[in-house]
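Protein chains: 4
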Amino acid sequence: MKDVQKEQDTRNIQIDRVGVKGVSYPVVLMDRDNKTQSTIADVSMSVMLPREYRGTHMSRFIETLEEYHGRVSPSNLGSFTKRLCEKLNASESSVSFAFPYYFRKKAPVSGIESFSKCDVVLEASYEAGNFDMIIGIGLNVQTLCPCSKEISRYGAHNQRALVSLKVRCEGLVWFEELIAIIEASASAPLYTLLKREDEKYITEHSYENPRFVEDVIRELAVMLDSEPRILWYKANVTSSESIHNHDAFAEIERRRS
Amino acid sequence: MKDVQKEQDTRNIQIDRVGVKGVSYPVVLMDRDNKTQSTIADVSMSVMLPREYRGTHMSRFIETLEEYHGRVSPSNLGSFTKRLCEKLNASESSVSFAFPYYFRKKAPVSGIESFSKCDVVLEASYEAGNFDMIIGIGLNVQTLCPCSKEISRYGAHNQRALVSLKVRCEGLVWFEELIAIIEASASAPLYTLLKREDEKYITEHSYENPRFVEDVIRELAVMLDSEPRILWYKANVTSSESIHNHDAFAEIERRRS
Amino acid sequence: MKDVQKEQDTRNIQIDRVGVKGVSYPVVLMDRDNKTQSTIADVSMSVMLPREYRGTHMSRFIETLEEYHGRVSPSNLGSFTKRLCEKLNASESSVSFAFPYYFRKKAPVSGIESFSKCDVVLEASYEAGNFDMIIGIGLNVQTLCPCSKEISRYGAHNQRALVSLKVRCEGLVWFEELIAIIEASASAPLYTLLKREDEKYITEHSYENPRFVEDVIRELAVMLDSEPRILWYKANVTSSESIHNHDAFAEIERRRS
Amino acid sequence: MKDVQKEQDTRNIQIDRVGVKGVSYPVVLMDRDNKTQSTIADVSMSVMLPREYRGTHMSRFIETLEEYHGRVSPSNLGSFTKRLCEKLNASESSVSFAFPYYFRKKAPVSGIESFSKCDVVLEASYEAGNFDMIIGIGLNVQTLCPCSKEISRYGAHNQRALVSLKVRCEGLVWFEELIAIIEASASAPLYTLLKREDEKYITEHSYENPRFVEDVIRELAVMLDSEPRILWYKANVTSSESIHNHDAFAEIERRRS
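Residue numbers (my numbering), protein chains in the order written: chain A, -6 to 250; chain B, -6 to 250; chain C, -6 to 250; chain D, -6 to 250.
Everything labelled a hint here was simulated from the structure, so no lab data went into it. You may find that some hints are simply not true.
A pair holds if it fits inside one copy or across any two, identical chains being indistinguishable in the list.
[Unchecked claim] Listed next, the in silico DSSO-like pairs over lysine-lysine satisfying Cα-Cα at most 27 Å (straight line):
(1) Lys14 <-> Lys188
(2) Lys188 <-> Lys159
(3) Lys188 <-> Lys28
(4) Lys(-5) <-> Lys98
(5) Lys227 <-> Lys(-5)
(6) Lys159 <-> Lys227
(7) Lys14 <-> Lys227
It should be emphasised that the depicted structure is a prediction, and the values quoted were computed from it without experimental measurement.
Work out the full structure: start from the sequences and follow the hints.
Next comes the structure, spelled out in structure tokens:
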């Protein structure tokens, strides 16, 4: 059978990335507390395609995923991206694994436990012997408006806000460490299971810690700037303003100088 | 050229609905204040297919849309669905036009104006001489938690909530009338443009009108039950709880007895 | 602390459903081949609220999920919904668990294996001693247009189509049985991992089995009508037509007479 | 009333972008053939916030939108972004207007007309006297697999593919010019309204023009490289493979050297 992908291409154009995306696959990942966690990932995998070849061999991406039995973690993506280069005869490869990550969280007063979720994305690439990885965390928090609190006789509008943080690190940084930083930057964290004494505590705690999106992003920046393992970060805070039908946002990107 | 759709089908199965959906089309609709409003609709159109035919003629749905020059309103969908039956040689037809609808809203204190949006859906069907239509409105509002207010020394969690209301009417009911009912059922309406004096007003107003999703749905029900033009309604209130990462909801369906 | 939810309500309106939705939770489910499968679910849980109470106790829904350790299957939802009624002091309860379900599939010629995904939803309710459950499967397949094949000198447009099937059964019906029925109704099934010999086989197989959405829905109906364990079904086929920017669809609902 | 936003901030952190997003607003834009087109936009607007201020004044973004009466076009965004800087007392501003854009398209044989849709995004920024703008077009097309065609006795899998193209230009480039380039790169364009003779033509035309995502991206690159008004582009082709449940993609970014 003819291998059309292997045909010579005469258009003389190298393609930055060719691959598959939207691959929904069960994965098993390393978790600080329980060692492994089964979840499901939206997977993207690609390689650079040199000018002389017409196409890449898409099935080999899935074969590589099968070779690794869906095991992914920040510590094996170097091996994974290198393996893609070998199998696809490429000099550069990139992957992205996006998945929900669950962790147990205790309610602040009752201590009752339940699962909380954040969205993790691991973006890794391999090129000429160099491996690069970005860890992304998307986590919902609460923001309470300092202006609304200040000018009103009582109450203050508050709402869910999504904090999206991407970091490039030196050494290992646990998802839980990034989650803790994000939650500390907001007016209050969210919970899945709260009893009334917890609801009272969070309502008051949030009222005592009003934060604009500008405040949240600066609190994040202060904490991230003081963490020597973080070489680069990009953060976005988007607040679903409860007095508006649109969102307020702030974003910042910094490289350690 | 052979007409495959016209072939006889021997499987002896009548199909409830066959048609097109996800048709994105510019439409012009009637608006109480400005006479017409240009918007864009997600359109679905279908017919019942008798057991003896293999297929329907999908292009005729789009031709009908073109015949009407994209003009839709609660008052011409009877004609539209009847025309579909004629063109497609069908005894029953159904359509759905879903579109964003914009209206000017004044901020409560400053009086400054801007556009607000709701999501409208018109669902109409024609069968054996009978026309039926449902008007749906999806509108975001604010809810402030009565429990959180009651048990906390200060503050109260609040958030955006989506109210989805569908009604079957006798006589004309303007979108604006349904919008007014929805906004009256909540702790506060949302606005696109607010100055500080407005933000103060809404924060306090919402604190003075705490509403569970249970309260919102009951307030809606009380108003809808007292409106003689409304023969049937189905309402859902879904609140993006700002202390949780999930939503609270309430729903109700009633037919005038 | 005051229990605001327990307050008497004077509006005299019973609410059909009050509860939580959008709860993202890790779940473990029964799987025909491997006994259990870890996945993640979008969970909705609600109860009927009598006219005399102001609100329900939302935290008890999550507590029930915790009590079951996230274990769900068609066979324990009767117990689950009954338990919700007890804990929430309600006469009716409803739940919905929607999750991706993965199964191994062999490529048709090479026999190479990979995971395929379908979207499952289990909708269950308990009312006055009666338990009801609907199993829903959403699965992508390929459709190849019989008209395009017939009128063209070569080729035929084909595309992904989503089949959504909901059934109410007597006795146990495995997800895999419904998946097999859905795949048999289409021009061809989809695969995650195919080698060239498989691609050739599927391309030719699909060309030999052209199917309108009307054909797919009728093939489904013929198979479902002949299965005595299926008491009711509702099916929708939506094809992302590759010559159009919109979809073609067909749908049917039947109750065993 | 206190202006909390104007407070001095001591954290010493400048924020790259602060503003609003998810603003759904009716807009009027310039159109090559009809002069103006009413559509609806998803609007994002932001400014850089210096280290010394606690917050920005979010309402002024919406006021600016109102000042322009929702009129947007590639030619007035320079004025718009400059105006944002003035009103918000900022040295840098950014906006994004994303909207569906409709154009009339004739079927290839019958000549029958209907609306086609593409998704346009205009991203503009103003900084220190410099204005920058990117025009983005997202358009669905058809791709037919060259490998599937080559190895199969008959047929070839084909499907919808989304081409996303962003360009930075010198001088005016009409949306219609970019649309024409995108459609020429694919196996075939999509249509909303086709009669049987058109369907035959497109089926055969596509079969005669098989294209991998790699081919589409290279055809695009060849055309864009030869257009002197285009200074930079980034293109992505994502094909909803009709034999797989995931997508194939290719992407490329080039700056005129």
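For each hint, the structure was consulted:
no. : hint               : result
1   : Lys14 <-> Lys188   : between (41 Å within a copy, 18 Å between copies)
2   : Lys188 <-> Lys159  : neither (33 Å within a copy, 34 Å between copies)
3   : Lys188 <-> Lys28   : neither (30 Å within a copy, 35 Å between copies)
4   : Lys(-5) <-> Lys98  : between (56 Å within a copy, 26 Å between copies)
5   : Lys227 <-> Lys(-5) : neither (46 Å within a copy, 32 Å between copies)
6   : Lys159 <-> Lys227  : both (5 Å within a copy, 22 Å between copies)
7   : Lys14 <-> Lys227   : both (23 Å within a copy, 18 Å between copies)
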